[in-house]
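Protein sequence lines correspond, in order, to chains A and B.
Taken in order, the first sequence gives residues 11 to 325; the numbers are from the working numbering.
Taken in order, the second sequence gives residues 2 to 444; the numbers are from the working numbering.
Honestly, I wouldn't trust all of these hints.
Here are some, though not all, of the chain B residues that point toward chain A, as calculated from beta-carbon distances under 7 Å [what the hints assert, rightly or not]:
no., residue
1, Ala402
2, Gln406
3, Ala418
Calculated directly from the structure, the hints in this document are not laboratory data.
Cβ coordinates follow ideal geometry from the N, Cα and C atoms, glycine included.
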Amino acid sequence: MLNRTADNVARATPEPLAKKIRGISDKGLAWLFISPTILLLLAINIFPLFWAIYLSFTNFRANRPNEVVKNLGLANYQRILGDHDIWIAMQTTAHFVFWTILLQTVIGFTLAWLIDRKFRGHAFWTTIILVPMMLSPAVVGNFWRFLYEPQIGLFSYVVSFVTGIPPTNVQMLSNVELAPWAIIIVDTWMWTPYVMLICLAGLRSIPEYIYEAAEVDRASNWRQFWSITLPMALPFIMLAVLFRGIENFKMFDMVNLLTGGGPGSTTEVASITLKRQAFESWRTGYSSAFAIILFVAVFGLANIYVKALNKVKQR
Amino acid sequence: MKSTLKLALGLASAIFASTAVSNVAHAEDLTLCWAAWDPANALVELSKDFTKETGIGMKFEFVPWTNYADRFLNELNSHGKLCDLIIGDSQWIGGAAENGHYVKLNDFFDKEKISMDDFVPATVVGYSEWPKNTPNYWALPAMGDVVGWTYRKDWFSRPELQKEFKEKYGWDLAPPTTFDQLKQIAEFFQKRQIDGKTVYGASIYTERGSEGITMGAMDLLYSYGFQYENPKKPYEMEGFVNSDKSVKGLEFYKALYDCCTPPGASNSYMGEGVDAFKSGQVAMHMNFAFTWPGLQKDENVGGDKIGYFVNPKGPDGDQFAQLGGQGISVVSYSDKQESALKYIKWFANKDVQAKWWSLGGYSCLNSVVKDPKFPSSQPYAQAFLDSMAIVKDFWAEPSYAPLLQASQKRFHDYVVAGQGSAKDALDGLVKDWTQVFQDDGKM
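Based on the provided sequences and hints, a complete structural model is requested.
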């Protein structure tokens with residue numbers, strides 16, 4: 011039926027047009043097919059990037075459309091790199107990235123290793139563990155905000171039950187020391203399953219015969235783990251670290267919902283600072299420069315990391 | 002067959018005609034943009050009269066306070082046509098005037114004989130004028146508002162608490178007239194058991210994201226002697242913003258936060274304050290006056306149980322309060338400016354303003370607020386009047402947004418996070434605000 015329709019279309023096509031179509035090379039046809047995607051990509055990714063780069067050299071403010079836009083050269087970049095608050099925000103971001111990745115990798119890999127044992131009911135537990143990852147960050151943020159509530163929150167009561175500290179003294183989101191950890195706990199709770207899934211894929215890709223050979227050589231369980239499991243799962247672990255690292259460097263929603271960057275500026279990560287500069291202070295040029303700096307930092311670090319990942323894979 | 006055809010044609014014509022009529026009516030609809038809060042509901046009710054009188058339909062675009070500025074400033078900056086009328090925040094006036102977002106109303110006021118002398122002077126300066134204190138009007142004062150306090154009259158009147166308080170502090174437990182008194186009362190109630198429930202001293206503004214902590218701290222700092230700039234030299238802030246008096250004021254605000262607020266109240270603004278008071282958590286509650294009609298009606302804490310008082314005096318007897326509220330403006334990008342102006346004319350009417358007050362809106366018209374019956378019209382009316390007489394407002398500069406963000410950060414870092422000293426916070430604020438004005442070419 012489809013062939014008959016195609017034949018009819020071919021017959022109905024005027025000869026000059028048919029000749030043109032027949033004359034298109036494979037390469038030309040490929041370009042024809044991918045051109046809509048490329049155009050879309052240019053419109054929504056590449057153009058805004060170059061526009062942001064242009065704006066980063068200006069004093070443009072989106073809330074002053076009538077003002078003359080001046081070229082400032084590298085002044086915005088100089089100001090950002092010399093801004094104490096920006097460096098504090100970068101440190102806060104690095105703190106979050108480090109601890110969330112560390113906890114998620116260790117717990118995620120451990121869970122994957124346990125699930126891989128294929129104990130009774132492992133499929134059920136896998137599904138349960140994956141639930142937090144399926145939830146929307148907005149739901150998770152609000153849900154945990156209530157849990158952390160010092161007067162009615164379950165978290166405060168659990169901590170109080172375990173430690174004996176009055177629940178109203180467990181102020182996870184108001185306390186300068188505890189607030190960063192409150193966010194790290196939630197992010198770890200939500201995204202460890204993601205790391206677990208990737209690690210599980212890695213563990214399941216290790217051929218069984220390698221373990222059988224190790225058994226023949228009487229290698230201990232620890233030796234098998236250290237010499238086979240970990241090295242062979244390492245590229246997958248590194249991949250999970252890369253994904254989570256990039257995501258957490260841009261972390262916004264969770265912080266915004268839980269603390270809004272507070273108390274004070276204790277949890278103000280780079281993305282929150284960027285949002286404040288761009289959409290609350292309306293320093294569009296300045297915030298564009300900051301966005302470019304962040305982009306270059308993430309892109310550069312990710313590239314270095316991918317090279318290291320490739321080396322590990324080639325071993 | 003013919004008759005069936007005729008019937009069909011007739012029906013089709015009727016449908017077409019009715020659609021056309023409804024389209025015409027639809028085209029006349031005005032959209033009014035404001036924040037989603039109790040007074041907005043009152044305005045919806047009030048505006049039904051406008052539709053009845055003029056046939057112009059009213060649509061409303063209300064956005065929660067947390068997104069109010071983002072949403073509507075984006076709309077104005079992008080020259081959007083969503084809003085024909087906007088009730089914009091008082092701080093927006095400078096930017097909206099300079100960027101051409103609002104229609105200048107001077108000629109319209111002259112033509113329609115609407116005089117700004119008929120409105121409470123503070124509201125005209127705060128909501129309508131740019132530059133300030135010049136007769137250039139960009140809005141009609143619409144919703145008078147000011148930060149004041151509510152208290153648990155029923156707790157204050159308990160004989161056993163009165164006795165204990167008098168013994169402890171040597172004066173009668175009553176609404177405070179100074180901030181020192183306010184703190185003593187707050188300390189007295191902090192973590193006290195009342196009716197088997199732990200209660201706390203006071204709910205104050207501590208919110209970090211939008212403008213909360215600034216509105217709260219300023220409410221107190223003004224009465225301690227804070228000034229935005231040298232009255233003789235504009236934009237000279239050194240020694241005014243960070244004066245010794247300002248430092249003491251900010252220290253006091255932190256002390257109040259540390260001693261007497263409910264646990265976890267580190268990000269509290271209007272909604273959280275209302276929740277704290279309504280749930281019977283606090284003895285006193287700092288909030289804008291717009292919350293009072295709702296609290297008065299509340300079954301648990303309203304009626305005879307609630308009292309109102311004006312922002313207390315500072316150590317030198319100065320007494321000011323943070324201005325809230327907004328004016329109503331015509332958006333210059335609207336295609337229906339003529340109808341929008343009709344709405345403003347209607348809204349300025351004396352009878353409409355009286356009804357506005359009765360529905361829960363706060364009229365700024367002298368004929369309403371100076372009516373001899375006004376103070377007794379509601380239990381909070383006198384406190385509102387007294388508060389409006391002592392108002393001060395935040396910078397209304399076109400760059401108010403970065404100015405506000407700077408104060409939000411400096412105040413929250415010190416008051417809530419306990420970083421550095423009050424002097425550090427205010428010195429930092431002078432530095433930030435200087436930078437903003439330098440960027441603007443004003444310094």
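Going down the list of hints, with the structure as the test:
1. Ala402: holds, 5 Å
2. Gln406: holds, 5 Å
3. Ala418: holds, 3 Å
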